[in-house]
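Participant: Quick note, the sequences are listed as chains H and X, same order.
Under the working numbering, the first residue of the first sequence is numbered 1, with each subsequent residue one higher.
Under the working numbering, the first residue of the second sequence is numbered 1, with each subsequent residue one higher.
Derived from the structure by calculation, the hints contain no laboratory data.
There's no promise every hint is true.
DSS-like, lysine-lysine: derived pairs with alpha carbons at most 25 angstroms apart [unchecked claim]:
(1) H:K957 to X:K21
(2) H:K603 to X:K133
(3) X:K58 to H:K956
(4) H:K956 to X:K78
(5) X:K158 to X:K187
(6) H:K586 to X:K133
(7) H:K575 to X:K133
(8) X:K124 to H:K593
(9) X:K73 to H:K957
(10) H:K83 to H:K237
(11) X:K124 to H:K575
(12) X:K114 to H:K593
Chain H is nowhere near these chain X residues, computed Cβ spacing over 12 angstroms in every case [stated by the list, open to error]:
(13) M1
(14) F3
(15) I20
(16) D24
(17) S61
(18) K73
(19) E182
(20) R212
(21) N219
(22) R221
Simulated restraints, written as ranges between beta carbons of each label pair [unchecked claim]:
(23) X:S2 to H:L581: 53 to 61 angstroms
(24) H:Q591 to X:K133: 15 to 23 angstroms
(25) X:S2 to H:L578: 49 to 57 angstroms
(26) H:Q591 to X:E129: 19 to 27 angstroms
Using N, Cα and C, we set each Cβ at its ideal position, and we do this for glycine too.
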Amino acid sequence: MKAINKEFHREIRRSFSRFISILLIVALGVAFYSGIRSTEPDMRATGDRLYDKSNMMDIKVVSTLGLSDFDVSKIEELEGIEKVCGSYSQDVIAKTNGHEHVVTFMSAISGINDVVIKEGRNPSGETECIVDTSYLKEAKLKIGDTIQISSGSKNTNLKEIFARKKFIIVGSFTSSQFISNTRASSKIGNGRVSGLAIVDDKAFVTDGYTEIYARVKGVKEENCYEKKYQNLVNLAKDSIETKVKDLCIQTKYQELYQAATDVMDGIQSQIDAQKKGIKKAEKKIQKKQESIQELEGQVPALDAEIASYQTKIDVYDKFINQYSSMGYVPAGNLNTYDVPMEQLEREKQQLVDKQTPYQTQKDQILTQVETLNTDISNLENDIALAKDTITGLQEELDLATDARDEIQSPNWTITDRNQVSGYVEFDQDASRIARIATVFPIIFFLVAAFVSLSTMTRMVTEERTNIGTLKALGYSKLKISAKYLKYALWATLLGSIIGGVVGVQCFPAVILSAYRLIYPGLGSIKILWNLEYSLVAAVIAILVVLVATIFATSATMKETPAVLMRPRSPKAGKKILLEYLPFVWKHLTFQAKSSIRNLVRYKRRFFMTLFGISGCMALIIVGFGLKDSSDEIIANQYGKIFLYSGKVAINGHSNEKRQNEMSDFFQNDGRIVKSMKLAEQTITVKSKDQKEEALLLCPEDADLLANFVSLKSPEGEGLSLGTDGVIIDEKFALLGNLSVGDEIRIACGEKEEVSVKISGIAHNYMEHYVFISNSLYQSLFAEEPLNNLMYFNAAEQLSSKERVALGEEILSLRACQSASWLVDEKTQIKSVLESISIIVIVLILSAAGLAFVVLYNLNNINISERKRELATLKVLGFYNREVENYITRENVQIMFWGIASGCILGYFLHRFVIVRAELDMMLFGRTIQPLSYVYAGLLTLAFAILINFTMSFRIKKINMAESMKTVE
Amino acid sequence: MSFVEFRDVVKQYGSGKVAIKAVDDMNFTIEKGEFVVIVGPSGAGKTTALNILGGMDKLTSGQVLVDGTDISKYSGRKLTKYRREDVGMVFQFYNLIQNLNALENVELSGQLVKNAMDAKAALKSVGLENRMKNFPAQLSGGEQQRVSIARALAKNPKLLLCDEPTGALDYETGKQILSLLEDTCRKQKMTVVVITHNSAITPMADRVIKIRNGKVESNKRNRFPVQVKFLEW
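Work the whole structure out from these sequences, hints included.
Facilitator: Structure follows, in structure tokens:
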């Protein structure tokens, strides 16, 4: 090998720490860039893998009146559909170990939305269930515990839905449907679902499915967050919409109609039966009355006979009585002779005997008549009863008829994954990372440039005499500089490879692991080899370092060999500007003078160190600032802008009675201080350049609005809703470059688009809002707004138990559909923004690492360059501590300037990052807390002190004899 | 009792087979107030010996007694104190602090001791009263060396050690410097040790120590030193 090449290889070995320092800083820069850039696709890949593995549904169909196997089969027949499953679900209040939570019970289905069993086994039979792991933890349950369920609503009877009300937990699971900690809202209990339970579908006894899940053919090959996937799913949704929906809806409607008609028919036939019965009875009565008449017709004749005999008998009786004491009837009364009593008795008896059959017959007839009469009155009772029954049945029939008339065609809602909690959030988090990723690596590359520049400059300086000698020998400039270029190139190349590989694998792993805390259901992480980012970073790194090296070598290469071989004349000291102000200069201490002169003299070093400290400070400020900004959102939006305690969704179509019931409740209940109705609608707002979804809010009484929402301009002025325009939120105004007086267009539901002026821009952080006054609404849309929302303020400080109780009572009002509390919303958003904390920590740690490397490097070079100066001081008899102070004094000044400029740099950098990291619907707080500056300053100071500490070791080691060596 | 005594001093680099003895069992004495010239060829060990004497380097074995105290036993801090108060060094390449002007360079060393010479007076004594505000870059070689000497003198040290003080200077200027050193020695009764490889100046010394291969070849006293202005080479 040529000697000059041998020298090159030995040089690498000799100055290994220098080689490594360039390698490391390049590796760091490349790793950082490629790592963070590739996190976004890795996050999406991880999500996609989870959803593919768990056969997550692509489409969900819900009907207002339930779904049937018919519907399932119709969807299954469609060409683009791979698998369909009907499922049952119901929100219940679950009581366990004395706690109550809202739990969604779902039936187990296979092939779609698979769950991962973490403990135990699958449920079977009517009494077993499995629960999700976070619910298990939250409610402090274990396998073997029982859950008792109740409906939580007066309108629902669980008997119609579940076979049993008691379940035993046989296992726990995680589901890809609920990967984040945020849960869906519910209509019962405190309004929020705390857990999920899966049961065997035998446990459900309802007829219709609550939802149908479907998977689309051919989507697993695509990444679910990309356009191709969405297109395929949209096609499938459309085909359901156009080919299946109407048929199924019709069929269902017919079914229901038929069922209702059957009911009606049933009632009708009952009515008819009753009517028949009445007719029969009436006939019977008639017959009986005829009989009575006929019988009674016989009576007079019998009476006559009886009477005639009776007359005779009476005569006898008269005589018997008259002459009973005599024992005979004297002649002349009855007969010509005396008639003995016995004869009288005998004859009377004969008469009686003759009379009796007539009497008997008459009695018989009378009895018969009585019986007939009784029968008749019974029959009349029956008729009356039947008539009553008919009236009742008629009422029923009327109700049934009304019910049948009220039957509406069910409505189908076809949704896809975009409504699944966690799915969308995760995607947005990935986007956010990407936005931040583009900014920071630039800083790292700048630092890499500086470090390599200073390192290579130092190297070239040290080898001055060598370069001179080679030049004197006759080697060309190119050949000589080739060594340094190769040196730098090798270090950079190796650093890029290491950094590129490590970065692309490590950073996403770290960030995704951190995200796992927020998304516990995330499953295994998928990291791709996104080497394209590494390549880009490597190319930039190589360019940067090569340019720096060329810069470092060019000046030296130009000089003549003789000059190079002489020791380099130290930089001339001269009077500095400050000396021309004698009244300042005189009062400075000797040490101060020397260190100020030093700073001015070594300008390049001054600026590089300054930049290093400044950059570190700025990065830390951005980190803390991001945290401040997201905290500001939470503190201000929920509590200072939104003042209400809770809001209730009202069924705007409910009848007057229910509406009044609700109004009375809110007016009179002691726990509620104030309430106000609003009309809320999701609309699209358009300006010249911008189109966003927003919430249109029309308060019933604009003057009351200030109690619930604080509308202030960004400068702090109060805004009021008038008739001349609407109030929009700050972010939308920013996005569309709008100011007060500009026009925007609003598309509300199916109504025609209208143009309206902006009368005010309100300071706001989350979501887009358009506030409109009642009168303006009416004049724009020519109709009264439908109040479907109620804000209310609760009395001070309800405990969470009281909140739950109040919430339940509100939900029991028929007109109220759902209720949510501001504090719960706040908690939800907090966890969404928690993902920012992760980014913050990554930033601060990187800044720390960076600062340390830079400052350490610069300090080392500083000491190396000034070895002779420092050795002289040692020789003169300065103690080690004094020599350290000589250097420290300068560093302190640089630090002061560095921290000060870092604050300014940090402020602007923070602003820059915030604007990029925000999503369109969000405005980050722009204020950095003063305490953050203090923390950043303290941290930076800590690094600098640490580095100064290491420096003192180096100073101690300076060998005086070596450093002062004469050049012989 | 000699002022300076080197007893069996050894300075060894490396160990075992690769050991190099820069100073190999050196023995000599110097009396107070003497002007000593140490001569020898390059690599003989002169500078090493001076460095040991000046407290800039540690010996491997032996003793060095200065004014009765054995400095070879001194710890780092004590050695620094020794350098601070008892020794003044002058180097071939001046080693002035570039960022300080002449006056400040002298003040720098004066500040270290209690009974320092006034910096301005020191510069005056070397003839630089008009160049006090100039920076080293603005001074000629001779002027720089004179500042260096003033710096060393400002401390009122016991010993003034000079390592090839005229090595970077021309004949005339070199002579001037040597003359200055001579004056300092005579007038202020200071012990001055000068290292050189130029044996032509040995007549000016009170004592000439010849060093070869790390050992003392000879240590002769000069009864009648000649003033340097009369010497020619």
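Participant: Determine for every hint whether it applies to the structure shown.
Facilitator: Evaluation of the provided hints:
Distance hint between K957 (chain H) and K21 (chain X) is fulfilled; the C-alpha atoms sit about 22 angstroms from each other, no more than 25 angstroms. Of the pairs offered as hints, the one joining K603 (chain H) and K133 (chain X) holds, with about 23 angstroms between alpha carbons and a cut-off of 25 angstroms not exceeded. With a CA separation close to 15 angstroms, the supplied pair K58 (chain X) and K956 (chain H) stays within the 25 angstroms bound. Straight-line distance between C-alpha atoms of K956 (chain H) and K78 (chain X) comes to about 14 angstroms, which keeps the hinted pair within the 25 angstroms bound.
About 14 angstroms separates the Cα atoms of K158 (chain X) and K187 (chain X), which keeps this hinted pair within 25 angstroms; it holds. Simply put, K586 (chain H) and K133 (chain X) have alpha-carbon atoms about 14 angstroms apart, close enough for the 25 angstroms limit, and the pair holds. Restraint check for K575 (chain H) and K133 (chain X): satisfied, since their Cα atoms lie roughly 10 angstroms apart, inside the 25 angstroms limit. Distance check on the hinted pair: K124 (chain X) and K593 (chain H) sit about 23 angstroms apart at the alpha-carbon level, within 25 angstroms; holds.
Taking the CA atoms of K73 (chain X) and K957 (chain H), the gap is near 19 angstroms; set against the 25 angstroms cutoff, the hint holds. This hinted pair checks out: K83 (chain H) and K237 (chain H) have alpha carbons roughly 14 angstroms apart, not beyond 25 angstroms. The suggested pairing of K124 (chain X) with K575 (chain H) holds, with an alpha-carbon distance near 22 angstroms, which does not exceed 25 angstroms. Distance restraint check for K114 (chain X) and K593 (chain H): the Cα-Cα separation of roughly 22 angstroms lies within the 25 angstroms cut-off, and the hinted pair is therefore satisfied.
The non-interface label for M1 (chain X) is consistent with chain H: the shortest C-beta to C-beta separation is roughly 25 angstroms, beyond 12 angstroms. Against chain H, the non-interface label of F3 (chain X) holds: every CB pair exceeds 12 angstroms, the least being about 20 angstroms. Once the 12 angstroms rule is applied to beta carbons, I20 (chain X) is consistent with being away from chain H; the minimum gap is 14 angstroms. The claim that D24 (chain X) lies off the interface holds: its Cβ sits roughly 17 angstroms from the closest Cβ of chain H, which is beyond the 12 angstroms cut-off.
Separation of S61 (chain X) from chain H is adequate, the least Cβ-Cβ distance of about 18 angstroms exceeding the 12 angstroms criterion. The claim that K73 (chain X) is not at the interface with chain H holds, since no C-beta of that chain comes within 12 angstroms of its own (minimum 18 angstroms). Distance to chain H confirms E182 (chain X) as a non-interface residue, since its nearest Cβ pair spans about 23 angstroms, more than 12 angstroms. Residue placement check: R212 (chain X) keeps its beta carbon more than 12 angstroms from all beta carbons of chain H (closest about 18 angstroms).
Non-interface call for N219 (chain X) relative to chain H: holds, since the shortest CB-CB distance, roughly 24 angstroms, exceeds 12 angstroms. Every Cβ of chain H is farther than 12 angstroms from the Cβ of R221 (chain X); the closest lies at roughly 29 angstroms, confirming the non-interface assignment. A beta carbon spacing of about 54 angstroms between S2 (chain X) and L581 (chain H) agrees with the range 53 to 61 angstroms that was offered as a hint. For Q591 (chain H) and K133 (chain X), the hinted distance range of 15 to 23 angstroms is satisfied, since their beta carbons lie about 19 angstroms from each other.
With their beta carbons about 51 angstroms apart, S2 (chain X) and L578 (chain H) fall inside the hinted range of 49 to 57 angstroms. At roughly 25 angstroms, the beta carbons of Q591 (chain H) and E129 (chain X) sit within the given window of 19 to 27 angstroms.
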